[in-house]
Amino acid sequence: MSLAALTGSRLRAARTALGLRQGDVAARADISASYLNLIEHNRRKVEGAVLQRLADVLGQPAASFHDGISGALLEDLRGAAAAASEAGPAPEIARTEDFAHRFPGWAGLLADLHRQNAQLARSLSALNDRMTQDPHLSASLHEVISAVTSLRSTTGILVETDDLEPEWRARFYGNLAQDSDRLAVGARALVGYLDGFGLADSPGIAVPQEEVEAWMAALDWHLAGQGGRRVAKADLPSAAARQLAQGWLDVASRDAAALPDPAFSTAFARYGPDPVRISADLGSDVLAVMRRIAMQPHSAVGLAICDASGTILLRKPVDGFAVPRFGAACPLWPLFTALARPMTPIEVVIETPGPVPQRFVARAFCQPSHPGGFHGPELRQSAMLILPAPADSGTAQPVGSTCRTCPRTVCPARREPSILTA
Amino acid sequence: MTKRVLLIEDEANIAEAIRFILSRDGWQVRVLGQGAGAQAMVAQYQPDVVILDLMLPDMSGLEILTALRADAATAGLPVLMLTAKGQGRDREAALRAGVSAFMTKPFANADIRAAVRDLLGA
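Going down the list, the protein sequences come from chains A and B. As numbered in the working numbering, residues -18 to 403 make up the first sequence, in order. As numbered in the working numbering, residues 881 to 1002 make up the second sequence, in order.
Please keep in mind that the hints were generated in silico from the structure rather than gathered at the bench. Ideal Cβ placement from N, Cα and C applies to all residues, glycine included. Keep in mind that the hints are not guaranteed to be accurate.
[Claimed, not checked] Short derived list, chain A residues pointing at chain B, Cβ under 8 Å: (1) H123; (2) V129; (3) T130; (4) S131; (5) R133; (6) T135; (7) G137; (8) I138; (9) N156; (10) Q159; (11) D160; (12) D162; (13) L164; (14) S246; (15) T247.
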């Protein structure tokens, strides 16, 4: 990161552009000129009320002076610290932001390494699960081992038994042919299965959902623009990811058919990102409208979708709102509140923690479905749009990303201690 | 008197090979191709040793072993269990249930001969 990207440098640039003297600005912001001098030379950290007063004096939003250290980077660094603290002494967690400020290159590298490490650990875990629990793999291996066992014993008999009667010899030759065929089939099935696992083609991404989200991001989340095509191996190497992606492509096609343009664009222009009003106007289900809103070309609206267990099925990120890659999300998100209140629109202004807290309007809606009819189970899916909050957004609900890296000391929903407050 | 071996193995070619090997070694061998009826067969055939595959199509070899150990008449019957690598947890469970010995597939013919001889004290 260049020096110009730092908060102090930005403040200095704004002041000189306005032709204001350091002493005047300091006085109006109720700080000493020497302190402002240190701030402008990035030798003192500035945040909260002081930053707000300086921003007011300079006539710009405080966020415009924020140093560009992204919430995601801080989240990753805290995640790295959390992982390290489980194995030994924790690093200086309280100075995470300072570290990111002073050594942005190293901080980025550490965050990348932490992500890669976490992905590798998940790959290993996934492989271990597959090796020990996957019935398909277990059956394939059993088939191969049985064929090899029989081949080895039968070959041994043929080689070791000099006086083998002709009828037994013929019988064992027949068994050999049978087991050879069986081994070939079993080996092919095993190779096909391992090939479909796809890790060799995507060593950095082990979880199909992450593969799919990276692929969607590359398409700018505009799945409807893919015209309902089939997902190919060139798109996503692993079979599981292709299956997931195909599911979302099909959903996007259905959404586009149910909410065609120009009717959808007209309704969106009229009501804005209000999925309930658009739904009422166009007669489509609310979740479809939410997906359609977030997956328009160049849309800056974030989206999270979960099932009845609270497991996140899809995360379309938005700058400043960190959706955890690993571990469970903050239970205070309206996304989860909606799960308990199906078919009820829930709108909450939420505020994320951090040196410069960020606010968003979260609109959540949960929709039950009964694919098995009267005798099947009820399924629920909840979606949450993450929209920019207006300047006069009033009281906000404090939320976090995930407990482990949330700095809030008082939280009724906390599941586990935070590494930031330990 | 010829010693009797009951082989409980669903893979026909493996069963045929083991039966041939042990018969040549002088044992009387009977084969049961599934888990169902194993206890009744033991009661009726009165084997001196049981060779038991861990993975049977209808039930686990572990269930049969547990049932045999629960019956006073067969609690001390030598049982050689056939397993594959990667079945560590099942092997531990079999040890706790009182298995006499293991043989890992694929095995050499000499090994299974030696294992049965050991169990029969021959």
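Quick rundown of the hints versus the structure:
Interface hint status for H123/A: upheld, as the beta-carbon distance to the closest one in chain B is roughly 6 Å, under 8 Å. The interface hint given for V129/A holds, since its Cβ lies 5 Å from the closest Cβ of chain B, which is under the 8 Å cut-off. The criterion of a C-beta within 8 Å of any C-beta in chain B is met by T130/A, whose closest approach is roughly 4 Å, and the hint holds. Restraint check, S131/A versus chain B: the minimum CB separation of about 4 Å is within 8 Å; hint holds.
Interface restraint check for R133/A: the shortest CB-CB distance to chain B comes to about 4 Å, inside 8 Å, so the restraint holds. Because the beta carbon of T135/A sits about 5 Å from the nearest beta carbon in chain B, less than 8 Å, this interface hint is met. Because the smallest distance between the Cβ of G137/A and any Cβ of chain B comes to about 4 Å, under 8 Å, the interface hint for this residue holds. The beta carbon of I138/A comes within 6 Å of a beta carbon in chain B, closer than 8 Å, and the hint placing it at the interface holds.
Annotation: interface hint on N156/A holds; nearest CB of chain B at approximately 4 Å, less than 8 Å. The beta carbon of Q159/A comes within 7 Å of a beta carbon in chain B, closer than 8 Å, and the hint placing it at the interface holds. For D160/A, the interface hint holds, since its Cβ comes within 8 Å of a Cβ in chain B; the closest pair sits about 6 Å apart. The beta carbon of D162/A comes no nearer than 12 Å to any beta carbon in chain B, farther than 8 Å, and the hint placing it at the interface is violated.
With 8 Å as the threshold, the beta carbon of L164/A stays out of range of chain B, its nearest partner Cβ sitting at about 11 Å, so the hint is violated. A distance limit of 8 Å between C-beta atoms decides the matter here; for S246/A the minimum to chain B is near 57 Å, and the interface restraint is violated. The closest approach between the C-beta of T247/A and any C-beta of chain B is roughly 61 Å, which is over the 8 Å cut-off, so the hint fails.
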